[in-house]
Amino acid sequence: MLQEESDLSLIIAQIVQKLKGSNLYAQLERQAWASLQRPEIKLESLKEDIKEFFKISGWEKKLQNAVYSELSVFPLPSHPAAPPEHLKEPLVYMRKAQGSWEKRILKSLNSMCTELSIPLARKRPVGEQKELLNKWNEMGTDEPDLSLFRPVYAPKDFLEVLINLRNPNYENGDSLSFRTHLGLIQVPLKVKDIPELKEFFVELGLTTGQLGIDDSTQVPPELFENEHVRIGQKVLAEQDSAAAQQYIRQGSPTALRAELWALILNISSQPEDILYYEQLKTNVIQHDLLVDSLIYKDVKLTASNDDYYFVFEDYLYQVLLCFSRDPSVLGHFAYNSASPPKSYIRGKLGLEEYAVFYPPNGVIPFHGFSMYVAPLCFLYHEPSKLYQIFREMYVRFFFRLHSISSHPSGIVSLCLLFETLLQTYLPQLFYHLREIGAQPLRISFKWMVRAFSGYLATDQLLLLWDRILGYNSLEILAVLAAAVFAFRAVNLMEVTSLAAAEAVLADLSTLKVMPLLQIFLFATVT
Amino acid sequence: MSRVSVPCHVKGTVALQVGDVRTSQGRPGVLVIDVTFPSVAPFELQEIMFKNYYTAFLSIRVRQHTSTHTPAKWVTCLRDYCLMPDPHSEEGAQEYVSLFKHQSPSMTFPKWLSHPVSCEQPAPLIEGLPDPSRVSSEVQQMWALTEMIRASHTSTRIGRFDVDGCYDLNLLSYT
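As they're listed, the protein sequences go chains A and B. Take the first sequence: its position 435, counting from 1, is numbered 435 in this note's numbering, and each next residue is one higher. Take the second sequence: its position 22, counting from 1, is numbered 548 in this note's numbering, and each next residue is one higher.
These aren't lab readings, by the way, just hints derived from the structure by calculation. Incorrect hints may appear among the rest.
To give an idea of the interface, some chain B residues facing chain A are shown, with a C-beta separation under 7 Å as derived from the structure [what the hints assert, rightly or not]:
1) M575
2) Y580
3) D612
4) L697
Bear in mind the structure is a predicted one, so any value in this text is a computation, not a measurement. Beta carbons: idealized from backbone N, C-alpha and C, even for Gly.
Next up, chain A with everything else stripped away, as it sits in the complex (with noise of 0.2 Å):
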């Protein structure tokens, strides 16, 4: 057997081991037994009719989205003797790093929780829990004292982890030399320059209509839209993923966006979602954690405190308090450089039979967290279904943007691509913040962090996440931190501190994200 065979035999029986255990299992073997009494099942050819009526009746499709799914989520396999810890990071230093990174915010944590006398879980009494399910629509209204609660880390803690990843291997010098990195980035990944990104987003081309550009109201729809919208009502017609994901690429129709983004995501929302969803639910009226008034805080902090997100605020309690405490979540770990935080029952500190994750899920939040969530709010308003693409996005996507390793669409890669486009397209403009003391990095990194939720105006990062989608990948964040730069560059020109460059860029509400990314990709002269 080839090797290229043999790996793809491997890849198609863990496609099919993983999906063995899933709901979409389940009824295509309910399927296939409802359909031998149909009159064109023929016993000498059930085989082939089966697969037939499958096709016709649209659940081949179904599988079909469902093993795109997987390819496009879980990594392909590696070598058979690579052990799972390679799976979630093959470098070992990133391992390491990303290991003392979590030390720290476990200690963190644990110091909160002594300081004041919180435990990290408390069964609720019962009074306290008819009252919760009671306020279960409204929780916004709650003012409980948060003042003594600070959040874990912000991202500008995580940066500084970030500044400081070394690669033992790298022969750096210690004086500054033409080897070493003019950023703050000093590890080696390889990450795309413009022709390879022309290439990868070759979609994003100024010959190919786009939403974002060519549906402004200068252009006459006739030219782009209204066919647009028409191929895109097609594609969710036929309820193909892979087309889906395609199409998404020039931008979705809003009309259109909730359901093509469930349909990429391949969200489909079942009763036993809905019965999941209740489940969280009630494990929240059951059970308070101190990761709750985690949750509270940075909801307050933020998203209650933004112009276009503050009417969803229950909302985002009912999407983040079930989140924490959904288990199915700890499965992305096995991509993920990160690992879940461990605990014991008390009083059983050491017996693996009461070793359990903290919180369930195994995600600490971080100041901004609730910004991953509340852009989803316009889409979509069934609570469940607004946790399951949250959820979604967050074990496809967001979980990179907060873990260090060295995968393509990881923060450390993003951070780095960022500094080099910057670097080798606006070379003058880098160094001048360089020498005022403004390393263009500390500017960006929330914007790439938070995936740009709550700079942009809503209707532009909407646009943005269907390019997320749409090219399974992140590193859209990193090329639009170096198009705001570029677009700003004449100004920047002229600061004198790190505090007036902050000011140039501190408001990016008024942008219009889909020009400033081709423009800086096929019509900047290089």
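Put chain B on the given structure of chain A with help from the hints.
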């Protein structure tokens, strides 16, 4: 198809340098690793497996005894096989690699070692998807591998995060 790992002795790396003088600047870019096989019985080598650590290109040379009368000859099996597409970046730097017999021109074992390879032939590309019935029988063969992968995945608990209804915790533990 039962495969066994062959006991081998891997010696430490030796740097190839020009001349005798060891210069403090300029690190040698070529290192040699000697691998010897203490067991004398002849075997058919199928696969060489190792974990890379920042080696960009790999060449493998084998010394083979053809008969007791002729002296042993060194032959090159693999020349400049690329492990890192860009040696200055991290791609492939710490990957697990397997080299198979067929990556040299496909010949039987003795011939494989007796002909010096001047250029590496690319492994034949598969056209399209493999035949489904063949794949499903191969899936059985791959089962052992997937079982290994499954065992190493984080076990996801469906809906339950507590232990017998209790979630009263100590502090978080640092492992």
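Cut-off 7 Å, beta-carbon criterion: hint that L697(B) touches chain A: L697(B) check passes; min Cβ-Cβ to chain A is 5 Å, inside 7 Å.
Given a cut of 7 Å on the nearest C-beta pair, is the interface hint for D612(B) held or broken against chain A? OK, holds: D612(B) within 7 Å of chain A, min 6 Å.
For the hint on Y580(B), does the least C-beta distance to chain A fall short of 7 Å? Holds, because the Cβ-Cβ distance from Y580(B) to chain A comes to roughly 5 Å (cut-off 7 Å).
Please check whether M575(B) passes as an interface residue: C-beta within 7 Å of a C-beta belonging to chain A. holds, 6 Å
Of the numbered hints given earlier, the model fails none.
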